[in-house]
Structures are given as C-alpha cells and as structure tokens.
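Trainee: Protein sequences appear in the order of chains B and L. Convert by adding 802 to the 1-based position in the first sequence; the result is the number in the numbering used here. Convert by adding 802 to the 1-based position in the second sequence; the result is the number in the numbering used here.
Be a bit skeptical, because a hint or two may be false.
Remember, identical chains collapse to one label, so a pair may be satisfied in a single copy or spanning two.
[Claimed, not checked] Derived lysine-lysine pairs resembling DSS-like cross-links, with alpha carbons at most 25 Å apart:
1. 902 to 924
2. 934 to 924
3. 954 to 821
4. 934 to 902
5. 837 to 934
6. 821 to 958
7. 958 to 872
8. 872 to 924
9. 902 to 837
If you're looking for bench data, these hints aren't it; they were derived computationally from the structure.
Here are the chains, one letter per residue:
There are 2 protein chains.
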Amino acid sequence: MSTDSSNPFMAEAIALSLKNVREGSGGPFAAVIVKNGRIIARGVNRVTSTNDPTAHAEVVAIREACAALKSFQLTGCEIYSSCEPCPMCLAAIYWARPSKVFFGNSKEDAAAVGFDDSFIYKEIALAGERRKIPLVQLMRGEAMRAFEEWAKSPMKVEY
Amino acid sequence: MSTDSSNPFMAEAIALSLKNVREGSGGPFAAVIVKNGRIIARGVNRVTSTNDPTAHAEVVAIREACAALKSFQLTGCEIYSSCEPCPMCLAAIYWARPSKVFFGNSKEDAAAVGFDDSFIYKEIALAGERRKIPLVQLMRGEAMRAFEEWAKSPMKVEY
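Produce the entire structure from the sequences given, and follow the hints as far as they go.
Mentor: Written out as structure tokens, the structure is:
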C-alpha cells in the first residue's frame, strides 16, 4: 500500500492535527480510534495547554475510547494517528491492545520539526546506566513484597 | 550503592504499592515524585479500577506533579517508583524531564508475575513490520501539512 492512499479516518486525524496547530492548543498531532467502522474516540495533543506531558494525541484518544467502551482494552479497534507514535504512545498502544495502527508522519519527520521521539526511541534501547536520565535500583527486597502478595491475591484483576 | 539501601521516598512508594494490592484497586505498583526533599505527588496503578490502560503509577504521579507545579516539565524532580518503569512510563519520564529515577523491582521481576513490560521493551526495539501489533504508514504527504504549519506558527509552545 502506498503511503499516499487516502483513508477517511486518517483524513480526520490529519484535519484535527491541523486544527490543533491553528488554534495554538498543542502540538501538531491528533488520533482517532475506530471500532466496527465507526470513530469512537478522538484525541489531540494537549501537553502545553493542560500542563500534562502525557497528553499526547494517542494517549488522550485511548483514554477516551476506553471510557466509551467501559474497558481497559481496545480489542478489535484500529488507531489512526497523524504521526508515528512516540515510545510512550506505542507502549500505551501495547497495553491497550488494539488490532492495528495506522500513522501519517514518521518519527524522523517529528524529529525534524523539533520533537524528541527519535531521541527517546534511542534512549529506551540503551542499558539504564547509559541513559541521559539516570535510573538507579533501590530496595528491591522490600519492593518484591507487593509482587509476592499480588501473585497470591484472590482479588487481583489481571491486565 | 546496594539495591537494598533504605530510602524514605522509596519506602513510601513500596508502602503504597502494597496498599494498592491489598485494597484490590490495581496492579502492585506505586510512585512518588520529590522536589527539594518533599513529596509533591503520589500515584498508584489504577488501570483496572478506572478502565484506563495508561493509568500506571508513574503516569498518574507525573500528571499530579505537573498539575501541582503548573508546568509540563518536572525540572529538578526525582521519581521513586516501586518498579522499573515500563516503556510507556519511561518515555513519559523523558517527556517530563525529571533529574533522576529510582526503582525497586525490575522489569524482569514484573514479567515473572505476569506483566508485559519486558515483552513491550522487546517489541519497541523491532522494526515496525516485525511487531505483533502492525503499524502501517498512510497519507504522509497530507499529514506533513500540520508539521509545516507548526514549524512556522508564531503561536506554538515548544515542549
């Protein structure tokens, strides 16, 4: 499939991303989530307008879609994002488990207009001690108690 | 530093993770965010209780800390998480830009009690076409318009 094939859901995501730039309400990103041929959620980037660094288009749309479906899973859904998901959004997608993801711009395109997507992909692939933000392990013995209790808890809801 | 060194902020995160398991309100994870020696935000995993796959402890804590600071950046903050951040949370941390992260359990410990953290780390490192959730590029030409307008927008707030 050519990357220029027209698709109405991607066209909607792109239109929302343009609107977000023109209104000055966040970064140039939007996403829609589709189930059974119908849009069930829309999200636009709201990082700076809501002081929430996690308010990327895909995360906003996933939260809205899950609220609409009253489920923490997006089984049978497709996500159309105006840009290739950053690692945060890609991992959020894995936790939400939709069937498929479509994207418009690439992470390299995003890097070219000043976003850290490519940088973060590279950092995540590094061992902890080589990353720009240091990660240090502490108190594993104590922390394991919550995992031990979880493993045998009759109340747990797995996800 | 031994991974068993005691630390009051990690102890608080661990206590919250245990409480979350015992109350059946989500996965065995919690995080606290510290600025100038004071806890400014706490987060526990709320995925299943709020139908939000993005409601991991670190994301919840980051959102709360940013709301408290009225900023989309966590400059000068430290994050104490009861478990090594999953890729979603690690990338959220990169977007929030704290100084340092401490964690208790590792991603391998999380995998051993049934969580997908290690799996998602491996998937993110793969090329798109080799991933379990397919990612397909569409309509890049159209999508680029939002980036072009962003690049020259006088209203944009960079992040």
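Trainee: Among the hints numbered above, which are violated by the structure, and what are their numbers in rising order?
Mentor: Violated: hint 8 alone.
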